[in-house]
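Given the structure of chain A, go ahead and fit chain B onto it with the hints provided.
Just so you know, the sequences run in chain order A and B. Sequential numbering from 74 applies to the first sequence in this note's numbering. Sequential numbering from 5 applies to the second sequence in this note's numbering.
Possibly wrong hints are sitting among the right ones.
As the list claims (entries may be wrong) - DSS-like mimics (lysine-lysine), calculated; alpha carbons at most 25 Å apart, straight line:
| id | chain 1 | residue 1 | chain 2 | residue 2 |
| --- | --- | --- | --- | --- |
| 1 | B | Lys244 | A | Lys396 |
| 2 | A | Lys341 | A | Lys145 |
| 3 | A | Lys323 | A | Lys145 |
| 4 | A | Lys480 | B | Lys92 |
| 5 | A | Lys480 | B | Lys104 |
| 6 | B | Lys207 | A | Lys480 |
| 7 | B | Lys207 | B | Lys104 |
These aren't lab readings, by the way, just hints derived from the structure by calculation. Only a predicted model underlies this, so the values are computations on that prediction, with no experimental measurement involved.
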Amino acid sequence: MASIPSFSLLWESFRLAAGSLRSNKLRTLLTLLGIIVGVTAVIAVVTIINGLDSTVADAFSAQGSTAFSVSKRPLVITSREDFIKFNKRKDVTESDAAAIDRLCDSCWRVGTAINGSSLVKFGDSRAENVSVRGLSLEMFAIENVTIQSGRLWTEQEGNSGRNVCVIGTDLIENLFEGRSPSRILGQEIRVDGVPYTVLAIAEPFGKVLGFSRDNFVYIPFESGQRMFGARDSITVHVQVIDSNVFETAKDEVRMIMRNRRKKTFADKDDGFSVESQDAFIGIYQNATSGIYFATIGVAVISLVVGGIVVMNIMLVSVTERTKEIGLRKAVGARQTDILLQFLIESVTVTMVGGAIGVFTGYGLAYLLSFVMGFPLLISASSALLGVTVSFIVGIASGSYPAWRASKLSPIDAMRNE
Amino acid sequence: MESTESNGNGISHPYNSLIKMRGIWKTYQMGNEQLHALREVSFDVRRGEYLAIIGPSGSGKSTLMNLIGCLDTPTKGEYWINGEQVAKMSDDELARIRNKEIGFVFQTFNLLARATALHNVELPLIYAGIGSGERHDRAVDALSSVELGDRITHRPNELSGGQRQRVAIARALVNQPSILLADEPTGALDTHTSAEIMNLFEKLHADGNTIIVVTHEAEVAERAHRIITIRDGEIEKDEKIK
Chain A
74 MASIPSFSLL
84 WESFRLAAGS
94 LRSNKLRTLL
104 TLLGIIVGVT
114 AVIAVVTIIN
124 GLDSTVADAF
134 SAQGSTAFSV
144 SKRPLVITSR
154 EDFIKFNKRK
164 DVTESDAAAI
174 DRLCDSCWRV
184 GTAINGSSLV
194 KFGDSRAENV
204 SVRGLSLEMF
214 AIENVTIQSG
224 RLWTEQEGNS
234 GRNVCVIGTD
244 LIENLFEGRS
254 PSRILGQEIR
264 VDGVPYTVLA
274 IAEPFGKVLG
284 FSRDNFVYIP
294 FESGQRMFGA
304 RDSITVHVQV
314 IDSNVFETAK
324 DEVRMIMRNR
334 RKKTFADKDD
344 GFSVESQDAF
354 IGIYQNATSG
364 IYFATIGVAV
374 ISLVVGGIVV
384 MNIMLVSVTE
394 RTKEIGLRKA
404 VGARQTDILL
414 QFLIESVTVT
424 MVGGAIGVFT
434 GYGLAYLLSF
444 VMGFPLLISA
454 SSALLGVTVS
464 FIVGIASGSY
474 PAWRASKLSP
484 IDAMRNE
Chain B
5 MESTESNGNG
15 ISHPYNSLIK
25 MRGIWKTYQM
35 GNEQLHALRE
45 VSFDVRRGEY
55 LAIIGPSGSG
65 KSTLMNLIGC
75 LDTPTKGEYW
85 INGEQVAKMS
95 DDELARIRNK
105 EIGFVFQTFN
115 LLARATALHN
125 VELPLIYAGI
135 GSGERHDRAV
145 DALSSVELGD
155 RITHRPNELS
165 GGQRQRVAIA
175 RALVNQPSIL
185 LADEPTGALD
195 THTSAEIMNL
205 FEKLHADGNT
215 IIVVTHEAEV
225 AERAHRIITI
235 RDGEIEKDEK
245 IK
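Just chain A, with the same shape it has in the complex (with noise of 0.2 Å):
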């Protein structure tokens, strides 16, 4: 007789599983409890986190890794230490953009930035905490800035400090009420109380992680110099043409702005920052490692709890069903047989809870999505994950029931009332 048991067997396991999990249904709710948790964990964080890095992906992707900045300060400051080291830094000047552009042969674009946020308003209507931000025209070009309706500003407009803007889309709702594109080119708003005349709107940007990108006012630089004071130090963009040389080129500008400050090999500090998204998409990572890791945490303690507990309720099972272990070995199952059927049964079980735990945690997961504004990424791969998962703790959980229901002995299990 081959000992590959028939399909008949797997089935006749299967629906005795079916039977088991039906006819005592809060029970079948408690055991499944501790799997759905833990594969929903899974599924959710696998998800989201799928999500997040695909709208990070593409947030930056905007810009692409040609770009970088040279500052005084870098954008994520950790410590009050450094806080006040970057502070006593030189700051950056127009004359460094000019050298870095004069003297970097990598270098393809350069442009200039200086950033704050101020109260906007038109007529009655405000809108506050909106970035302003004065740039040169190459920075339309770094930073991928397309305009939807209306027109940039000239270069001669710009050299001679014109109050006049491109706005975001937000304040097409904030300040002007939703009103049409043509109504709102040739406006006046006030920025900080002076008044702009509003020359484009730019295309959108969207949003990352909650956060709308679309909330400016972009003046030109030689305006902005004049709005947050000369004196106040500025960013540098470079963009090369080629990824190949981004490195060259940020070692390029290293050098120009470091001799510009006159270092020598002995200062550690560079007395600058330059920065590029790598330095960001490693904050974003580190970050969701941190929630991958806590998740995994969760999961693998809610699993492992679930399985100790499908362990137990397989225990039950077995000692419920001693006597009809025993006949079915009367009357011919073998070890392996009634091995099996125990294992199909537990692993049905913690299946059912996995594939729950799939349904909610893709639902959890879109409901996160929806609230955060991110795409909900539904990966084949995750929901494979959730199921591989709860079919190794059916295993782990019903081996050894199922090991104790075969070694049972037809007699004594026969005799058990």
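Then chain B, alone, in the frame of chain A:
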């Protein structure tokens, strides 16, 4: 009057008998004491016999039944079923022998409560690895042969005691075993139903089945053609009565 078929020199060929037991001992270790449930039991059963094994409780008849049914192995001795030496077989080999050679009928029916009559009868065929189509047909045939062809979808709790025992008999017969082994088959039934079941056994015997009934009821034993009486682990009497 032992019914051994001897070939003259005292060594009988195992193939001549369906069951052949030689010098069977079953000993249990109870602490420091050894308890001999069976001592030196030897007998043969030929194909087509209708045998009753009787004896008071504690005589060893249940132990003997377990050994005949291959639910247990002897401590010492030799046992052939249908020419196969089963005394030293592993658990899985015994499972195969039980599936192929033995049809059990129990006092308390031992049906699966949640399964239909049909599914209960199909059970031995599932473990024999028989496909669903053939399994269904054979189970229906077996149920028809015990006049339950119209009850195949009923569950045990929808059947009377006599009907349940008939389902159990159909289950015992469905894989065409060499031996129908019944342990107190009427123990849980009233007089009328008991008679019905015993008539069925007689019919099955007439059809050529080998039947061994283990009982303590004289009326049940008297229906058999041969009675083995067990007392204190030994065969006290082995007599042909028909």
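| message | Hinted pair, alpha-carbon criterion (25 Å max): Lys207(B), Lys104(B). Please report holds or violated. | response | 22 Å, holds
| query | Lys207(B) and Lys480(A): Cα distance at most 25 Å? | reply | 38 Å, violated
| field | Restraint status (C-alpha distance of Lys480(A) to Lys92(B) at most 25 Å) | value | 18 Å, holds
| Is it true that the CA of Lys480(A) sits at most 25 Å from the CA of Lys104(B)? | 21 Å, holds
| request: Would you check the hint for Lys323(A) and Lys145(A), treating anything up to 25 Å between C-alpha atoms as holding? | output: Status holds; Cα separation ~16 Å.
| said: Check the hint pairing Lys341(A) with Lys145(A) against an upper bound of 25 Å on the C-alpha distance. | reply: 15 Å, holds
| Within a Cα-Cα threshold of 25 Å, do Lys244(B) and Lys396(A) meet the stated pairing? | 36 Å, violated
Of the numbered hints stated above, those contradicted by the structure are hints 1, 6, listed in ascending order.
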